[in-house]
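Using the sequences plus the hints, can you model the full thing?
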Amino acid sequence: MNRAVHVAGRGAVTAFGRGRAAFLEALASGASAIRRRERLTALDLRSALAAEVPAEVAEVARGGGISLVLGLAKLAAEEALAESHGKTRGVRAALVLATTKADISGLERDGSGTGSPAELALQLLELLRLRGRAYAVSCACASGTSALAFAGRLVAGGQADTALVVAADALSAFVLRGFDALLLLDPERSRPFDRSRAGLSLGEGAGALVLTREERASLGVRLCGWAETNDASHLTAPRADGAALARAVAAALARAGTGCADVDAISLHGTGTAANDAAEAAALALAFGGSTPPGFGVKGALGHTLGAAGVLESIALVEVLRSGTSFGNVGLTESGVDPNLTLALARAALPRARAALKVASGFGGIDAALVFRT
Amino acid sequence: MSAPLKLLGAAYLLPDRMGGSRCREREWDGPADDRLADPELIGRWFALDAAEARRLDRTSRALCLAAAATGLPGLLGEAERLETAIVRVTALGSYPTDLAFAESLEPESTVAAGLFPFTLPSTALGAVAARFGLGGPIISLSPTAPEEPLERQVFAAAVPLLLRGEARVVVAIAGDFDGTPRGGPGLTLTVYGIAR
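Line order of the protein sequences matches chains A and B.
Quick note on numbering: the first sequence equals residues 1 to 374 in the working numbering.
Quick note on numbering: the second sequence equals residues 1 to 196 in the working numbering.
Hints were generated in silico from the structure; no laboratory data involved.
A virtual CB, placed ideally from N, CA and C, is assigned to each residue, including glycine.
Check the hints yourself; a few may be wrong.
Computed spacing ranges between beta-carbons, pair by pair [what the hints assert, rightly or not]:
hint, chain 1, residue 1, chain 2, residue 2, range
1, A, E214, B, G165, 49 to 55 Å
2, A, G64, B, A100, 28 to 34 Å
3, A, E214, B, E78, 38 to 44 Å
4, B, A113, A, E214, 28 to 34 Å
Short, incomplete list of chain A residues facing chain B, as computed with Cβ under 8 Å [as the list claims (entries may be wrong)]:
hint, residue
5, S146
6, G157
7, S196
Sample of chain A residues lacking proximity to chain B, with all beta carbon distances greater than 10 Å (derived) [as the list claims (entries may be wrong)]:
hint, residue
8, R3
9, E25
10, R35
11, R39
12, V60
13, G65
14, A227
15, G289
16, S335
17, T342
18, L350
Next up, the structure:
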């Protein structure tokens, strides 16, 4: 069985505020939400910056005494469900949660969370009063992208009629200090793909997408292909030649029944680290056999939201297909990667917007690619 | 399951013994014995390079050990390895490593930077992929159906990869090997190599 997988709902909570409109409008304006941290200020780190959700949004998210990450996931999910008019409320619905660290408040002596993705998924299922099966995916920084592939498989394969994919992570001292210890934090705002890039800025948030077989619920965009591969070379550094990510792109396009020439835009992973951005550009140049369609990343605006990134970036890509306009790359002044990777400096109308590619990578050598079509 | 599948190999780590289709059963004293902390021993058993093993966390060592014990890596040609997926259902995930990393954040301690990447449950699967050159999808799942055996949950995720042609072989891993205050499914780690 291989049924079409339609996008039916979108929800977001980011450092730009609550709701996908705030997120997409900020992306369109070229703004950055990376600023001096207001929480976790006592930490002495290489960078004092992060993209935190606004305090008033965090307060709403924590309503009822739940953890911030659960609250962010709930807000994003509710927005996506509202847009999809409750299409996931049947018994053949699935909740697919993506996160890297879930709620680790217990490890930080600030609560009881043990970092279990399953616990977070089951708590969310209960909060949303959804029937159906929950799944919890944790695949490093590719978690959100992998969760969309997982959900696509469920819907396309007939195991579920609809899937609510929710991806969420919240900033913590644990994660900030970990990335700081690896010397991966840029002391300034991260500038993915720029010649002067010096690392990443961390962010937090949640994204949600409803995927369904119901064509009548479609927002006019389908998830048509996905593929995941592994570098099988190093646990934290990507393969410099990008071969595994290029394989993922080729396989996702083949499964979508399309080719490189049909791709009109790319949503990039673009963390801002020297190695990641160079490898990603090499991979895309390899996959496209030269110059690529215009690519944009959002981590210069949103920070790296870790497990949430893949879904938030897919929401941006869905908007590109619906509006026919690509976003720019915040923080980019001069490309410092393979020039075959076409990077937009600012928002620009596309000559055509029928198919788009999302790529992601993560620790453990993980690479993933998704193909969306109108 | 609509198509016949082949079981290529299997292995297990139990509290008192370990074994697999590649090796004879061996006795061990489980995590308390902590042979997983001895990379030299693991190296002698399963030809893992000791220096390589030393860089891994305990979970990654256990998974590499169990994957080697299936004998699967020796059965796969280069093309098959490139399309071999790893899927795991784990209740503990990286929790034992999370605890160790969190301890290193205490005042007067030195941050264990080398442990941080292993505080993601998928990194241990990446270690298996890197060790054996497996280039297919890696999927780490946390079990959300307590009443359902972990094996069933992992096969439910693994089999569609084979049926849809997203992988030619899947290393399906169920369970955990390390005791923690949270308990969980017990000290049982099983690894299966399945193919269409």
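Checked hints:
{"no.": "1", "hint": "A:E214 <-> B:G165: 49 to 55 Å", "in the structure": "26 Å, violated"}
{"no.": "2", "hint": "A:G64 <-> B:A100: 28 to 34 Å", "in the structure": "33 Å, holds"}
{"no.": "3", "hint": "A:E214 <-> B:E78: 38 to 44 Å", "in the structure": "43 Å, holds"}
{"no.": "4", "hint": "B:A113 <-> A:E214: 28 to 34 Å", "in the structure": "47 Å, violated"}
{"no.": "5", "hint": "S146", "in the structure": "6 Å, holds"}
{"no.": "6", "hint": "G157", "in the structure": "6 Å, holds"}
{"no.": "7", "hint": "S196", "in the structure": "25 Å, violated"}
{"no.": "8", "hint": "R3", "in the structure": "12 Å, holds"}
{"no.": "9", "hint": "E25", "in the structure": "32 Å, holds"}
{"no.": "10", "hint": "R35", "in the structure": "24 Å, holds"}
{"no.": "11", "hint": "R39", "in the structure": "17 Å, holds"}
{"no.": "12", "hint": "V60", "in the structure": "26 Å, holds"}
{"no.": "13", "hint": "G65", "in the structure": "22 Å, holds"}
{"no.": "14", "hint": "A227", "in the structure": "7 Å, violated"}
{"no.": "15", "hint": "G289", "in the structure": "20 Å, holds"}
{"no.": "16", "hint": "S335", "in the structure": "28 Å, holds"}
{"no.": "17", "hint": "T342", "in the structure": "27 Å, holds"}
{"no.": "18", "hint": "L350", "in the structure": "30 Å, holds"}
Checked against the numbered hints listed earlier, the structure breaks hints 1, 4, 7 and 14; every other hint is satisfied.
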